[in-house]
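Asker: Here is how the chains run, residue by residue.
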Amino acid sequence: MHEASVAAGILDLVRQHVPAADALRVRAVRVRIGDMAGVVPDSVGFCFDAIVAGTEYGSAFLEIDRIPAHGVCGDCGRAAMIDSLPPFACRSCGSPFITVTAGDDLTVVDVELDEAPGGP
Amino acid sequence: MSVVTIERKVLEKNDSLAAANRDRFTRNGLLALNIVSSPGAGKTTLLEATIEHLKSRVRIGVVEGDVQTDIDAQRVARYGVPVVQIVTNGGCHLEAGLVAQAVDRLDLDAIDLLLIENVGNLVCPANFDLGEAMKVVVLSITEGADKPLKYPAMFRHASVLIINKVDLLPYVNAGIDEIEEYARQINPRLVIFKTAATTRLGIEEWCNWLTSRLTAGHA
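Each protein sequence line maps, in turn, to chains E and F. Numbering-wise, this note's numbering puts 18 at position 18 of the first sequence, and it's gapless, one number per residue. Every number in this note's numbering is 1000 more than the matching position in the second sequence, counting from 1.
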């Protein structure tokens, strides 16, 4: 269950970018999770809810953008979308020498804040 | 409503600690291996066999990672090499910061080969760089030939595959050819060794290769 470590890492980044004074305004935290990132998106969401509960960021929920895996074939040079299941062979020539170019992503994109109470 | 842009990698803290470890290992001229497998594949026995074979020629240090107990560190310490145990207390993988603290307790100037035995787990350790030169994945034939396909991330990130417990081949359905075929589908660049660590079968080939990496400068 390294998803708990991942969720803790997400909250760390949010803390660095949103001052504690604004924590209650955090509505959504948007993350990109690649299909080959090696984490289960639903589990990350579950762990995030558990980790923020009871903190000043308790109103935040995780919005997950899934990124499909892409690669370039080392033999025929064609760009290929990779199945999320193995074998990760090139669909054009069958070569297993695929360089993954997208789908390893595990990134915090941004945070959506509600307007400050009494603000404009 | 307003938006605060972050665009930062979730594991960047671990990645930067791993980069610091890697710099440190390079400065000390040592080869660090991150040894991963499911529980019971034979990592510790492989370490014991490797240490036994190489310790007269190579200065070895060991970091042991386990969820609980220092049983593995005790086993390895019997071979007269420096060893530090990390107990993760439930954590399913080692992280770079834990390894940094552990190697603080070793004299890195007196080590050529650092063997880091990760927590037994074929999933989580794949995501966490420790600063190693390479990951070595150990797969015992009793686990079944399909494991590279079921746990592709670990095999994709590894440089070496050690197929262990080959002395049990007569008693299991998995064939070595099948394991190799599946593993190469995931990662065609894998260097593969076949061992039975308990009987020391194949240990010499593995250790010779390891020695060649040490003398090649590996950096």
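Be aware that a few hints might be false.
[To be verified] One-sided excerpt, in silico: chain E residues whose CB lies under 7 Å from chain F:
#1 17
#2 51
#3 67
#4 96
#5 97
The set of hints was computed from the structure by calculation and includes no laboratory data. Computed from a prediction, not measured in an experiment: that's the story for all the values here. Beta carbons: idealized from backbone N, C-alpha and C, even for Gly.
Asker: Give a verdict on every hint.
Answerer: A quick look at each hint next to the structure:
no., hint, result
1, 17, "5 Å, holds"
2, 51, "13 Å, violated"
3, 67, "13 Å, violated"
4, 96, "4 Å, holds"
5, 97, "6 Å, holds"
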